[in-house]
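A.B. asks: Chains F and P are the protein sequences, given in the same order.
If you count by the working numbering, then the first sequence holds residues 16 to 217, one letter each, in order.
If you count by the working numbering, then the second sequence holds residues 24 to 111, one letter each, in order.
Some hints here could point you the wrong way.
[As the list claims (entries may be wrong)] Pairwise CB distance ranges, derived in the manner of DEER restraints:
(1) 193(F) <-> 56(P): 52 to 62 angstroms
(2) 27(P) <-> 111(F): 23 to 33 angstroms
(3) 111(F) <-> 31(P): 23 to 33 angstroms
(4) 122(F) <-> 50(P): 48 to 58 angstroms
(5) 50(P) <-> 151(F): 50 to 60 angstroms
(6) 103(F) <-> 25(P): 21 to 31 angstroms
(7) 121(F) <-> 77(P): 50 to 60 angstroms
(8) 99(F) <-> 53(P): 18 to 28 angstroms
It is worth saying that the hints were derived from the structure and are not from the lab.
For clarity, every value in this text was computed on a predicted model and none was experimentally measured.
Backbone N, C-alpha and C fix where the C-beta goes; we use that ideal spot for every residue, glycine too.
Residues per chain, in single letters:
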Amino acid sequence: MVTGTKLEALLGKIRRALDDRGAAEVAETLFREAIAEAQRLGIVSAYLHFVLAGALDRMGKLEMAFDELKKAVQADPLALPVRNAFQDVAARLRAALADPARAADDADIPRIYGVLVEAGQADLETHLVMVRFALATAELERARTLAEAITTLFPAAREAWEVLARVARAQGDGATAAKADAEAVGVQVPTPLFGVTGKAIA
Amino acid sequence: MEILRKVQVAQNLGSEDPEQAELLLRSALREADAIGQRSPTLHLQLAELLHRLRKTRQALAEVAEVLALDPFNLVALNLHRLLGGRAR
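Next up, chain F with everything else stripped away, as it sits in the complex (with noise of 0.2 angstroms):
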């Protein structure tokens, strides 16, 4: 229960933050305050990581944005509008990672993949900004490992053989490099789980 005259007051600050929406500065630091109250009373407030996330998706602080709501889906896993935004978050957070305007040995690669990694929300093509992070920063022995890691995650994706077959060329591993081609020309053309190939003729 909320009791004391300075905690009334801080909320009474962080209602009128979230009514001003344009001063998201303003509201990040009161909410972080509110969050640190909460912290000393030992509660962990959902809701508090939720504005909070708000006020940073706002300010175009993606990966803050995402951290916060992280911390509100693991203090409420059953709140629907927090997973929505969670998810929201990651696909953006994806997106930007795999911007083709970014340059593969962009320094913000590795951490932007860790972030998603550690969240659970890589998809392939953020295993693959990895690895070709990786090959443009030259440590093959490293994208050696997470491209045939992902060979192994999705095995059907055409890109994934791609990027290993690259890695191995790269390494000066000739064989590797010619099978992995050979299943990634195989995998792209997809074989009918069911039903007859071939010419329809009535």
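Since chain F is already given, all that's left is putting chain P on it; use the hints.
C.D. replies: Frame of chain F, contents of chain P only:
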């Protein structure tokens, strides 16, 4: 997860069939309770629904649950005021 599916369906039904939504939310809350999961958001969702159904006393009880779990939840505090609850 079964509970989340119920919550999702309850949310979808909220305006079309609020009585069914209430049943689903109460069931979700019971299941959550059975696995030791206390969700302020789920209680708040039910409180808002009960408010729409004009079940004020029950809505207030749910808001009280939310505020016991998360006294910083301004949505719950606002609803508490709206429902005429005593100042917290």
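A.B. asks: Mind listing which of the numbered hints don't hold for this structure, in increasing order?
C.D. replies: none
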